[in-house]
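S.K.: Sequence:
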Amino acid sequence: MSNSVYKINKGINKPIEFKGLKAQYIWYLAAVVLGLLVVFALLYFLGFNQYVCLVVCGGTGFVSVQKIYALSKKHGVHGLSKMLARKGVPRVAKSNSRKLFIRAK
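Residue numbers for the sequence shown follow our numbering, beginning at 1 and rising by one.
A couple of the hints might just be wrong.
Claimed, not checked - With a straight-line cut-off of 20 Å between C-alpha atoms, the simulated PhoX-like cross-links for lysine-lysine are:
{"id": "1", "residue 1": "Lys74", "residue 2": "Lys87"}
{"id": "2", "residue 1": "Lys67", "residue 2": "Lys22"}
{"id": "3", "residue 1": "Lys22", "residue 2": "Lys94"}
As the list claims (entries may be wrong) - Across the chosen pairs, the derived CB separations fall in these ranges:
{"id": "4", "residue 1": "Leu37", "residue 2": "Gly11", "range": "43 to 53 Å"}
{"id": "5", "residue 1": "Val55", "residue 2": "Gly88", "range": "33 to 43 Å"}
{"id": "6", "residue 1": "Glu17", "residue 2": "Lys67", "range": "36 to 46 Å"}
{"id": "7", "residue 1": "Leu54", "residue 2": "Asn13", "range": "13 to 23 Å"}
{"id": "8", "residue 1": "Lys67", "residue 2": "Lys87", "range": "49 to 59 Å"}
To be clear, the hints were calculated from the coordinates, so they are not data collected in a lab. Quick reminder that beta carbons are idealized off the backbone N, C-alpha and C, glycines included.
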């Protein structure tokens, strides 16, 4: 009987990663690229010079890509969602009377 060698898929339960971008940040980058494509077409259609359109979209695109990569590196896969959820939770719950807690019994 010969020994069989099977490949193990080590990518199971791991988040999608593309060139350093993790999970939802890939979609954010795709949205930025599509948005810049629409902005370039709109500016060009409105009669702006081609080089002005390139500078505006190129500069905006560069800043956006750098920001998305920074968010991906800082917050990771679920960190941005957790950060946004944490902002929605109040820091303190104030009550000026005990009536709320007395009625809760």
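S.K.: Range first: 43 to 53 Å. Now tell me if the beta carbons of leucine 37 and glycine 11 are that far apart.
M.R.: violated, 31 Å
S.K.: Within a Cα-Cα threshold of 20 Å, do lysine 74 and lysine 87 meet the stated pairing?
M.R.: Satisfied, since the Cα-Cα distance of roughly 17 Å is no more than 20 Å.
S.K.: For lysine 67 and lysine 22, compute the direct alpha-carbon distance and say whether it is at most 20 Å.
M.R.: It holds: about 14 Å lies between the C-alpha atoms, which stays within 20 Å.
S.K.: Is the gap between the beta carbons of leucine 54 and asparagine 13 within 13 to 23 Å?
M.R.: The hint (13 to 23 Å, Cβ to Cβ) is violated, given that leucine 54 and asparagine 13 are roughly 42 Å apart.
S.K.: Can you tell me whether the CB distance of glutamate 17 to lysine 67 sits inside 36 to 46 Å?
M.R.: violated, 18 Å
S.K.: Could you check the hint for me, namely that lysine 67 and lysine 87 are 49 to 59 Å apart, CB to CB?
M.R.: Because 18 Å falls outside the window, the suggested range is violated.
S.K.: Is the straight-line distance between the alpha-carbon of lysine 22 and that of lysine 94 20 Å or less?
M.R.: violated, 39 Å
S.K.: Range first: 33 to 43 Å. Now tell me if the beta carbons of valine 55 and glycine 88 are that far apart.
M.R.: Since valine 55 and glycine 88 have Cβ atoms about 38 Å apart, the given range 33 to 43 Å holds.
The structure fails hints 3, 4, 6, 7 and 8 (numbered hints given earlier, in ascending order).
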